[in-house]
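The chain contents come next:
Number of protein chains: 6
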Amino acid sequence: MNKKKIIKFLSEIQMLKRVRREGVKLAGVKIPDSVAEHIAISTQIAYLLAKLEGADASKCVLMSLFHDNEEARIGDPHKISVRYFNVKNAERKAMEEHLSNLPKQIREEILKLQKEMRERNTKEGIIVKDADWLEIAIQAKIYSELGYKGCENWIDNVEKALETKTAKEILAEIRKNPDFLNFWWKGLKKMTYKKLKKK
Amino acid sequence: MNKKKIIKFLSEIQMLKRVRREGVKLAGVKIPDSVAEHIAISTQIAYLLAKLEGADASKCVLMSLFHDNEEARIGDPHKISVRYFNVKNAERKAMEEHLSNLPKQIREEILKLQKEMRERNTKEGIIVKDADWLEIAIQAKIYSELGYKGCENWIDNVEKALETKTAKEILAEIRKNPDFLNFWWKGLKKMTYKKLKKK
Amino acid sequence: MNKKKIIKFLSEIQMLKRVRREGVKLAGVKIPDSVAEHIAISTQIAYLLAKLEGADASKCVLMSLFHDNEEARIGDPHKISVRYFNVKNAERKAMEEHLSNLPKQIREEILKLQKEMRERNTKEGIIVKDADWLEIAIQAKIYSELGYKGCENWIDNVEKALETKTAKEILAEIRKNPDFLNFWWKGLKKMTYKKLKKK
Amino acid sequence: MNKKKIIKFLSEIQMLKRVRREGVKLAGVKIPDSVAEHIAISTQIAYLLAKLEGADASKCVLMSLFHDNEEARIGDPHKISVRYFNVKNAERKAMEEHLSNLPKQIREEILKLQKEMRERNTKEGIIVKDADWLEIAIQAKIYSELGYKGCENWIDNVEKALETKTAKEILAEIRKNPDFLNFWWKGLKKMTYKKLKKK
Amino acid sequence: MNKKKIIKFLSEIQMLKRVRREGVKLAGVKIPDSVAEHIAISTQIAYLLAKLEGADASKCVLMSLFHDNEEARIGDPHKISVRYFNVKNAERKAMEEHLSNLPKQIREEILKLQKEMRERNTKEGIIVKDADWLEIAIQAKIYSELGYKGCENWIDNVEKALETKTAKEILAEIRKNPDFLNFWWKGLKKMTYKKLKKK
Amino acid sequence: MNKKKIIKFLSEIQMLKRVRREGVKLAGVKIPDSVAEHIAISTQIAYLLAKLEGADASKCVLMSLFHDNEEARIGDPHKISVRYFNVKNAERKAMEEHLSNLPKQIREEILKLQKEMRERNTKEGIIVKDADWLEIAIQAKIYSELGYKGCENWIDNVEKALETKTAKEILAEIRKNPDFLNFWWKGLKKMTYKKLKKK
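Protein chains in written order, with the numbering used here: chain H, 1 to 199; chain Y, 1 to 199; chain E, 1 to 199; chain S, 1 to 199; chain P, 1 to 199; chain B, 1 to 199.
With the rest of the complex left out, here is chain H:
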């Protein structure tokens, strides 16, 4: 391996912790999630959707894992900014240059998977895109519950775009839930605040 190039790549992916999801700033969020956080959670969702849809989960996970890496170089352009930029081309070129620090075989595998996700011409491509969008909608639901009402807009847009039955059903179920943010831990607390025995 070319050690210099490998550590250049490793230096660059740390940048994904410093780039933030710009879109929700429109709705008033001051310090949004990082791109790295979005990658982690959307990739877990991609795995889950693949399993539930009977697709190739390993492939979906690989496809999702690097899907926003070019944002280390171009930031996270939101849906207003794309009025003014040709974002698609920029993303592709930035991804290619970003991956140029990796050995050819690895780079080509990742690029091929990215293309599949972009074109959504396979079941896995469709699933991974749905996972990407579902993560965005889920985070928006939480912000919305916390009072950022502009975030409802993200959920509406994702709802219209989803393709898989599973993703649609999950989003519908989440929307119905008035307290999704706190849903998971209700009933799990082991109470240590206790009344005295005799008083």
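Treat the hints as calculated values from the structure; they're not laboratory data.
Cβ atoms here follow ideal geometry from the backbone N, Cα and C, with glycine treated the same way.
Please note: incorrect hints may appear among the correct ones.
To be verified - Partner residues are not named here, just some residues of chain B that face chain P (Cβ under 10 Å, in silico):
| id | residue |
| --- | --- |
| 1 | 15 |
| 2 | 18 |
| 3 | 20 |
| 4 | 22 |
| 5 | 25 |
| 6 | 28 |
| 7 | 30 |
| 8 | 72 |
| 9 | 73 |
| 10 | 77 |
| 11 | 78 |
| 12 | 80 |
| 13 | 83 |
| 14 | 86 |
As the list claims (entries may be wrong) - Just so you have them, the derived chain E footprint on chain H, three or more residues with Cβ under 8 Å:
| id | region |
| --- | --- |
| 15 | 57–66 |
| 16 | 157–168 |
With the hints as your guide, set chains Y, E, S, P and B onto chain H.
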């Protein structure tokens, strides 16, 4: 006035507090300054440079005051991202649409000043651009003193680009100062920690 | 120019990014806007009000641009703290010492404008004060929409104090708007989430 | 008890978590400690100094516990700001009004202790003031080790003002330590990163 | 005194500013209060409860002042995590090792008080535990008012656990108040926004 | 699928954005990375190591993707806290309960992979653990370059524990690099600060 459009404009410029200067994230800064902060300080610098260079200070201030407003729409693209985007065109189009909420006469005045700054074909255009860059270099000097050594790169680049004698001299003076961050307040503290009289 | 003094001044105005608007902490805001952010946006508003009121916009902008610079030295005293301090005197003295690093002619121009703003004995003085207050009310409206209900109090107080017809109309229009925070970008998003053509 | 007044007092002391130690912003710290954090640690130090100096520890702790409560009302004025304000009077008046929500007997006990700390006319008054300053110097030492070199100034000033032998010796010992921040946990880690047994 | 050990202890208690109250993250709070902040305010509450309940206030304050110090070592385990850990034992052992840097007499005094608080077999032990819980409920009330509705759960749990009449009455009074966060400062503002005399 | 359980799981994994890597707080970091950020980057590293070591990359990625999910429930216990807790057992139990919301087949796949990582009895188990540690060392290197010198300790500990040749070589190369943080972007900037053509 068209009240709806005016308050749309006012809603939008609040966004300048939520958009952050992306460049220094490259050097490890997690939560950089906002664009609004940069506007305030670089405009004060533009006033000062104009006065010291014997130029039209009122004009410089007006020119500087709106110079990054389009970033409410396109974010703050840093010097890596411009490898992949045609930023100049995007900036111009976003600025035009941003200002479309203002009455024609106001909008045209601002656009004319922006053009002058972009083309630097007048003394004032040159000064305001220098003020913009000088603010970036000054902030980078402070980050550098706090341990973000990658920020030296910003100062080097600004140093090469400055045009006015005053801006060059100021930056040279700042670079020579090993503790610029704390320079202003040394000697100003009124000490209230006092020894007891008799002990 | 006295280079040492000029860079002292430049070191000091960076402090305006670190001083925060203390008032809204009363209402529960943990990390409020910086003074520099307030300066940038209120100065843009001063320009706009001046144009709409047919006043001298250049003068208003200059007047507004330095109007809180003394807060680098005294912080941002809120409306509870002024029960206990003679803030007016402190502001004046701190501003004078702050400006003492600038050449006499510049310093005197700024001080003269500050006096005009304080005394509001000219159209421009009245407009710039209105712009200052309007910015505070606008930010408070956004916080209020995000759930900081105590911020309504700032809007009420500004409403009572405004002098110009334009500022009053603008604030009335903003108060009527139930989603002012998100008002500017509704309808502007270019949707990139798209259904597949044939499926 | 007057329940309304008691819960007003409880509402107010939560504000101490939102007011921050303004001084170190001079040295470049963007989001300093809260006043509540300073109260907790300086009171623990007051207890320790009292024990080591053979003074009344209970009294010292009570004296220290409320010593900055007025900052809920007046903020935390730093050593530049006191050039422009009569801080001492403001502190006293704000403290009195702050405590006016408490029953008379309680209020008077606290005020009496505050006076003792201010006048330092008892052993305990001297110790608690030393604890207050020592906490400031300790925090400054940590910031200094992290690259905020302007913070050395706080340590110098505290060093000159301390009265008790114990506080002086402690500060001298801390200054000698080149890595005070990490001093406590070196050697305590239980390593769970382990080589495989046979490889 | 053993200076090395004393400054180790002082280095460690600064950590209490960096450890945060983990529980409310469940309810969506991104950056909760620090443990040091909780210590300061709950100790002030302990003093107040003691006075109102006619107990030994000095003892209560000492008991409260160190009650979470072991969290420098073990963090702040929330009520889900205690399903999986034996937190009680960990707390005790960590507290003992934490205090081992202090002279024996001091260490034993603190440990004895901690035991009393844990066992709640004295009036003071009961009061200090109530103060600890009351502070948690008060902070939760504020978060709840700001839109973190999951925080209601903390208030419910504290309500069930409180023992003293005073603490119960105070919490009931706070719950009834629809705007507890802003309760203290309403009516205190000295308005400096003023209409012009003649217009 | 059981929709309620699936969305409970999805609600829970959002918590991974709110739980932070506690360890580096020892070294003075105030707001460390989130667990989600660590998962994203360490999983990308796991993929890379697997490729470079000729192992099953898909398996490594799956194994890494969920490796810290139990921290939604137990937080991120650092190396001081494990002196006091039986963390291994807690992790296992929390992971099991966390996964209980997923269908049996999925849950068992993940648990089997976790076991392999824990026991490191396969090439992939060893690689994924190395990737986990390498990510920690890389982040520590960056903090160390920014002045958090206590973070060197993490790098030393990881260095001793790594098993694969590739991971060891990469870490050695990174340690040699005096400016790893900024390494990736040096030379990539497209300069837009330009001198005027003729002047």
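Verification of the supplied hints:
1. 15: Given a least distance of 7 Å, the restraint on residue 15 of chain B holds.
2. 18: holds, 4 Å
3. 20: holds, 8 Å
4. 22: holds, 6 Å
5. 25: holds, 4 Å
6. 28: holds, 8 Å
7. 30: Since chain P brings a Cβ to about 6 Å from residue 30 of chain B, closer than 10 Å, the hint holds.
8. 72: holds, 8 Å
9. 73: holds, 5 Å
10. 77: Where the cut-off is 10 Å and the nearest Cβ of chain P is about 7 Å from residue 77 of chain B, the hint holds.
11. 78: holds, 7 Å
12. 80: It holds, given that the least Cβ distance between residue 80 of chain B and chain P is near 5 Å, below 10 Å.
13. 83: holds, 7 Å
14. 86: Hint holds; residue 86 of chain B Cβ to chain P Cβ min 7 Å, cut 10 Å.
15. 57–66: violated (count 0)
16. 157–168: Our answer is that it holds, as 5 residues pass the Cβ test (under 8 Å) against chain E, meeting three.
Figure legend: structure checked against the earlier numbered hints; the only hint not met is number 15.
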